[in-house]
Amino acid sequence: MSNHDTPAAGTPAPTVPPGSWPSPLSAADAVAAGRALEGVAVAGTAVWWSEGRPEENGRIVVCRTEGGRVQDLVPAPWNVRSRVHEYGGRSWLPVPRDGAAGWDLVFVELSDQRVYRLDPDDPTGTPWPLTPAPAAGAGLRYVDPSLDPSRSRVLAVREEHLPESPTPGSPDDDGHDGRRIRRTIVGIPLDGCGASDPDLVEDVLRDVPRADFLAGPRVDPTGTHLLWSSWDHPAMPWDSTVLHLAGIGASGRATGARALAGGAGVSVIDADFVPAHDGRVLVVAQSDGTGWWQPHLLDPHTGSTTALTTRAADFATPPWTAGWRSWVRRPSGDLVVTPGGCPALLPISLVEASPLDPSWTECLDLAAGMDGPVAAIVAADRAPTAVVTLDPEGGHTVLRTATDTTPDPAWLPTPEPRTVQGVHVVVYPPTHPDHRAAPGTSPTIVLVHGGPTASHARALSLRTAYFTSRGFTVVGLDHRGSTGYGRAYRDALRGNWARLDIDDAITVGRALLADGTAGSVVISGGSAGGLTVLGTLTTADQPFAAGTSSYGIGDLVALAEDTHDFESRYLDSLLGSDPAVWRERSPLTRAADLSTPVLLLQGGLDPVVPPAQAEAFAAVCRERGVPHALVMFPQESHGFRAGPARIAALEAELSFYGQILGFPTPGVPRVPLVSGAGSGQAE
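Just add 31 to the spot in the sequence shown (first one is 1) and you have our numbering.
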């Protein structure tokens, strides 16, 4: 932690306005604590995981513990990350060595998106390719590998970026007009023969009608059946999916495929065969009937479905990224599931789950081996996100945390869940051992999540503590459309995006001012949350004094034309199919009501919300004489990964609020604000 002068305990603190309180937490501290623990696996009796490192420009490394020491398995500069759907997901897998003890690593390399294999026990080893080089850079992408041991191959979803739209009637033309992306499930030989002969990377679904999107290829323990899920535009996977079951023929391809579950209005995710249960399949399914993602046991032979719980909670989250697990089976036979995001034990014959640790607030991934431990990535309100093993007796062992040092708890806020006129929020009050904020004096940040189907992460965040330790209140907003409160709450945003989320933000902002929680309110959000920010600021009579949009959407019409395939039809459900509605709800269209200062943070390589969106909004601010700053990070994409960019973004936000709200921000570089064409800084 950084050294700052703070009053000695018991010494009267000088009068310092909230927002300027001295804090031991620097932006560098907050970012250094942001090691992203992303996935976990069990290889024999060992636990492996992946982590993103801000200090290495966001490079993702696969690790394991060896003799109590963390061991990197992937040498620099290799970077383990998939770009399927642009958001990626699980991009690595431990595989047993043929005829020898030990495990190798199969992974996707970010730069060329090829699949590689590595012997992590060979100190001189270099990864060797398993898939062919694409004709164009990153033109073949892979995600969510799973083992097909009887055929010595790995199955994965492959996303092929075609150089141009398919010619009508050509083999590449599958009836999807103008589509330039094709997805299938492929079998990747583990001996590497497919690297030089693309035909040996078998299209497993060659004889199955194509779908726009695919996920979750899983082979049963006998090696004779294959599961996967699919969906088509304009649906998203949290709207409607179909679970498929097929045999695997002598060619290694799927045969006799049939729909096992799902359909219109039913979201079936995270399906897999349950070992030692006669080919039965466990899925987490959500429909309008229950309104919750709940675990069900399916019998493919009889078609029967058994709900394993009646608990009114989501046992999964929207699959924005591929391959993370929301349940596993323990060697003892019972299940580890995640009701409300918290790990719990669920005996497969019962309907009630018991929490494993009441302090855990989220579970990001789960893994289990046949004879090894159960591993998880868990989060808590006041403890770092961690890789843990779950003990059979109910305890756990921490293997790795997101930060090597944790601040004194005296500097960490205690979250307070609230409901404000039917809107869910989590309030993080200003927290300092020597300062207190009088009612109605704390500058308050209303923080809007992305998605918009995501939810506020209930995990220790030193980014939040960076602000609360300086006298801010931070309020995580779960507006209508957020996950975790049932399907009805999430689906309330269908057709109402850039309307109800803005209404909820304004409702919460006004309530915080009225009840004395806040002395002033600002609003901050990224991606879809950035749209809510910009839409709120361009609404007349809104209560916010300033707003920060990180890679946010200003022009919904341009988004529909320019964004990536995964979300290219998302507007159909969120807004409807009428471009006139998209235009009317776009913040750029509504800029006549803009007078509130804006900070725009943007990645120059963003394929989801291209930088032209931020540049266009900055131009409108200049035309209207609105104080603003556009901070462009040329080498960043959608979501900042490199440490320097994340530090600069956090410091820019603090400086921005200090300038607008009128309090000093010592030790933080001043972000230059422009108030009009040709003007200097706005004071």
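The set of hints was computed from the structure by calculation and includes no laboratory data.
Computed from a predicted structure; not experimentally measured.
Keep in mind that the hints are not guaranteed to be accurate.
Across the chosen pairs, the derived CB separations fall in these ranges [said to hold, decoys possible]:
#1 P106 <-> S385: 36 to 44 Å
#2 D439 <-> D103: 40 to 48 Å
#3 P240 <-> G635: 35 to 43 Å
#4 R525 <-> D153: 46 to 54 Å
#5 P389 <-> T341: 29 to 37 Å
#6 P695 <-> T436: 40 to 48 Å
#7 G635 <-> V101: 19 to 27 Å
Every residue, glycine too, gets a C-beta built ideally from N, C-alpha and C.
For each hint, the structure was consulted:
no., hint, verdict
1, P106 <-> S385: 36 to 44 Å, "holds (42 Å)"
2, D439 <-> D103: 40 to 48 Å, "violated (30 Å)"
3, P240 <-> G635: 35 to 43 Å, "holds (40 Å)"
4, R525 <-> D153: 46 to 54 Å, "holds (52 Å)"
5, P389 <-> T341: 29 to 37 Å, "violated (21 Å)"
6, P695 <-> T436: 40 to 48 Å, "violated (27 Å)"
7, G635 <-> V101: 19 to 27 Å, "violated (33 Å)"
Hints 2, 5, 6 and 7 from the list above are not met by this structure, while the remaining hints are.
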